[in-house]
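Undergrad: Start counting the sequence shown at 1; every next residue gets the next number (UniProt numbering).
Derived from the structure by calculation, the hints contain no laboratory data.
Some hints could be false.
Below, a list of computed lysine-lysine pairs in the DSSO-like style, where the Cα atoms sit at most 27 angstroms apart [claimed, not checked]: (1) Lys582 x Lys451; (2) Lys358 x Lys145; (3) Lys557 x Lys435; (4) Lys53 x Lys78; (5) Lys512 x Lys523; (6) Lys557 x Lys582; (7) Lys557 x Lys459; (8) Lys465 x Lys568.
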Amino acid sequence: MDISQIPLDTLVVDQENIKEIQCGICLQILVTPRQCRNGHLFCLGCIQQSLKKNRHECPQCRCSLDFDSLSRSLFLEKHLKNLNVYCKNHFKIDNHPTSFGGLNNSSKNLPPTWVDDMEGCGFVDSYEKIESHENSCQFRFENCKFSVNNNNNNNNNNNNNNNNNNNNNNNNNNNNNNNNNNNNNNNNNNNNNNSNINNNSNNSNSNNNNNSNNGFIGVNVFSSMTSSLNNSIHGNCSGFGASSNNSSGNNSPFVRVTVLNSKSNIVDNNNKNNNNEEDELLTTEGNSGEDHNNSFSSYDTKPIECVKIRFKDLEKHYLNCPFRPIECSFCKSEFTFYSIKDHETNCDFKLVECNQCKSQISKKELKYHLDENCPNQIISCTFGYCDKTFERKELNNHLNETLAQHMIMMKQQQQEEINLLKKEFTNQLQLKDEKIKGLEKLIKEKLSEPKIKIDWKIKNYLECKRNGYHQSEKFIIEGFPFFIGIFTDGDNNESKGYISIYLFLDTSDIPKGRSINTEFSLKFNNQRDSAQSLNREYKATFPIRDGSGWGDRRSIKTHNLESNGYIKDNTLLITAEVTIKKILWLVEESQCDKH
């Protein structure tokens, strides 16, 4: 919670005067006071909400009341300006700490309580003039220049988290600046119009959740836990995270730190383990003169960010800030103080001892050193046929002493490789020979298959079309008489408008029981463009039942045949290629006479 949001009721020095200037609705000091015609006073915001609920009457005297009849109280406005108030830096926030030093779970959701800070500012002035003092107050809170709000000197391992924190904190700082500007403008309006007396308090209600991660913990819970922490390494820095109640649901910047070897007197040693809980402290131990190396060694987590520090303590804080930049003694890169120890432990340029030769090598080059340079590293002989192992420094001696043996081993190995290649070559050659013989056999079989090509020229196509059917002359293949037949308008109702073409076998001229297995093609030659010729391939065994032919009932549309270059000078060319695959004989079973 931002210190700028301290309610005016808390700032007033003489608390008895508050009763005379309280709102009749919210019972707090009037903000932008308005009165009914009988003089009853209310905050402008409070009475507006009351009137919006259709209660067109004064909440106290019940007289009729509306927006237009509300009036200012110039006397009260002047009285409010002259109220003696403390500087806001006089207070700290009390988040209901438990006697154990942590936050009581039952009180974490309670609103913060502002209490007097004995080490805060004691300046008192009128409410109208106090702001000019607060702007230059030595007790005001300022951002640490090493905070993640103000720099990017964070460990590379935490870049993503820090970037997220920077975005959140920058947004929150912008919100704070906007709120402060609004407050200043409101105060100027107060001076000019003698109204709007406490817009800071009014705005605080609407902006309570805007600064949940602004890194500010007021003069937070840790100051109220014990005064022994006030002389810590931060001076008046009260920790590294904010302790504001976070009703918006944003991630609280609290850091849970477990004290392992605490020197602080904040924890009662007699009851340290009674509740089986870890001590929850968000501050460092020791005094302002202690070395941070000792302070941070007792914590199991790192701080999220540095909080706001009182202006008078900034220089002292900078000397011990955990976010101050520190140069790595190995790689010379810059890191924050709290992260330098972890970095140096894992730095690639840190010198480590080789476990073989005991020389000092940077961690980054240790593997290369062991693989390539270390004289005591056990290696294998670089000669591929030798399986001896020894220290790297003995390599030259080994090569000189075993040169003759290496040559003999190499000769033996090469001879074995030659024999293996010969055997592999012989096997491959045998496979090639078998494959060649198989191909030769297949070619011979193909060449031995009877094959005939027939070109059939139909010269009077239009006359054939009128007849509806036309067939070629017979041609003999292996003693089988074949002929081609075409139907110019299909051979049934389903093929009307198509050319039907078939290969027929004349069964009247073949012996009974004899059949032939064929592969054949029938092609309509396009006389205008041979690439457009239509070719169909078939397989069939003749004779076919009932003397039928084998072909295509709907091979091509009659219209396409006549208009696309297949017919020239009333002539149609058809080519048939017939290959005899196998000739079969069917031997019928005969009955033997009984004797």
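Undergrad: Now, for every hint given, state plainly whether the structure supports it.
TA: Results for each hint:
| no. | hint | in the structure |
| --- | --- | --- |
| 1 | Lys582 x Lys451 | holds (12 angstroms) |
| 2 | Lys358 x Lys145 | violated (44 angstroms) |
| 3 | Lys557 x Lys435 | violated (46 angstroms) |
| 4 | Lys53 x Lys78 | violated (31 angstroms) |
| 5 | Lys512 x Lys523 | violated (31 angstroms) |
| 6 | Lys557 x Lys582 | violated (34 angstroms) |
| 7 | Lys557 x Lys459 | holds (20 angstroms) |
| 8 | Lys465 x Lys568 | holds (15 angstroms) |
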